[in-house]
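Visitor: Residue-level listing of the chains:
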Amino acid sequence: MAEDGENDGMEIKLETAPHDPRFQTTNQAKHCWSRYIEYHACVKQKGEEDSECQKFKRWYKSLCPNEWLENWDEQRASGTFPGPV
Amino acid sequence: MEKERRISEYHMVDVSPWPVMTVIALMGILIGMIEWMHGMGGRILMMGVMSMLMSMYGWWRDVIREGVLEGSHTGKVQEGLRSGVLWFIFTESMLFVSIFWAYYHSSLSPSVELGGVWPPRGIRVVEVWELPMLNTLLLLLSGVTVTWSHESMRSGEKEEMEKGLGITIILGIVFIMVQGYEYYESEFRITDGVYGSSFYMGTGFHGMHVLLGVIMLSMGLIRSIRGELTSEHHVGLEVGIWYWHFVDVVWLFLFVSIYWWGGV
Chain A
1 MAEDGENDGM EIKLETAPHD PRFQTTNQAK HCWSRYIEYH ACVKQKGEED
51 SECQKFKRWY KSLCPNEWLE NWDEQRASGT FPGPV
Chain B
1 MEKERRISEY HMVDVSPWPV MTVIALMGIL IGMIEWMHGM GGRILMMGVM
51 SMLMSMYGWW RDVIREGVLE GSHTGKVQEG LRSGVLWFIF TESMLFVSIF
101 WAYYHSSLSP SVELGGVWPP RGIRVVEVWE LPMLNTLLLL LSGVTVTWSH
151 ESMRSGEKEE MEKGLGITII LGIVFIMVQG YEYYESEFRI TDGVYGSSFY
201 MGTGFHGMHV LLGVIMLSMG LIRSIRGELT SEHHVGLEVG IWYWHFVDVV
251 WLFLFVSIYW WGGV
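Protein chains in written order, with full-length UniProt numbering: chain A, 1 to 85; chain B, 1 to 264.
With the rest of the complex left out, here is chain A:
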């Protein structure tokens, strides 16, 4: 809105992860999981700065509950992560 005093003239874009036809139903847990895995696989292959990898990161941050992300980060650190990373 133009009246928004906190806006420095930059538009705030609100977006979330795009619809993925692999995950049609209400339960998006697998969608979150897939994006998380894809991000880490991407980083392994292309490095953290790559824009595609950053895309995956934004998506999983949108989709996944933070609790799950903390859990999974801990598991990856301790080597007990059940995913293919």
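FYI, nobody ran anything at the bench for these hints, they're computed from the structure.
Each residue gets a CB set at the ideal place from its N, CA and C atoms; glycine is no exception.
What follows is a list of derived Cβ distance ranges for each label pair:
#1 A:His19 - B:Met56: 55 to 61 Å
#2 B:Met46 - A:Pro84: 48 to 54 Å
#3 A:Glu48 - B:Ala102: 40 to 46 Å
#4 B:His245 - A:Thr25: 37 to 43 Å
#5 A:Glu74 - B:Met37: 32 to 38 Å
#6 B:Trp87 - A:Glu74: 49 to 55 Å
#7 A:Pro84 - B:Trp87: 45 to 51 Å
#8 B:Met33 - A:Lys46: 53 to 59 Å
#9 B:His245 - A:Thr26: 39 to 45 Å
#10 A:Pro84 - B:Ser83: 52 to 58 Å
#11 A:Pro84 - B:Phe253: 28 to 34 Å
A few chain B residues that face chain A, going by a derived Cβ cut-off under 10 Å, partial list only:
#12 Ser109
#13 Ser111
#14 Val112
#15 Glu113
#16 Leu114
#17 Gly115
#18 Gly116
#19 Val117
#20 Pro120
#21 Arg121
#22 Gly122
Far from chain A, by Cβ distances over 12 Å, these chain B residues were calculated:
#23 Val23
#24 Arg43
#25 Trp59
#26 Arg61
#27 Gly80
#28 Ile89
#29 Val97
#30 Ser98
#31 Ser197
#32 Gly204
#33 Glu232
#34 His245
#35 Val256
Starting from the known structure of chain A, fit chain B onto it as the hints suggest.
Guide: Chain B alone, transformed into the frame defined by chain A:
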């Protein structure tokens, strides 16, 4: 010999304590299980189980007496006994339906905690083509021997019948021993996630049913040796044989679903 005049073709049973004793025993088992599972001891459970065993012994002993000694088991009564057991086998199948449902629910869309894969990350499955394959062959062979035994029974060849039955029982016992060994060597337990739960619920209940089948067939063999069966009238043996085939079929489903599809 003068035949006693029958009131009807159906069996009007005499007053019996076994039904009410069974019911009280079952209540004891129910309450006893709750007590035991909450770590409060197993005395009620033990009493319930013992009463149940006594009731089973007494009730079935009476059925055998009514058939052999009283001559109450007319064709109609035999039909009733057979259809009763068929319905029982149906209910047992429903138990396995629920177990297989649970298994497929968890394995077709493995959750993220399992790593999104089946078998779950970290589970070292039983090698399909080793002991499980042996078990499959044992049960399939036992299906053949029990059919041989039944056919011999129907054509009056008592010795052949008893041989076949004996071999079937031995195969059943060997199955149980092989399964016990597999459990002993297994690298996962029932508490190891949903894989462990479904594996041991499925194979465990199946094993119990194999034991039941072995007992039923053994009863048939014992009674045959005692001369209580004829080539036309052997309901106890017949239903034991049906039960055995049911157990065999359930194993085939287990083998294909859990060991084979679920293990690779």
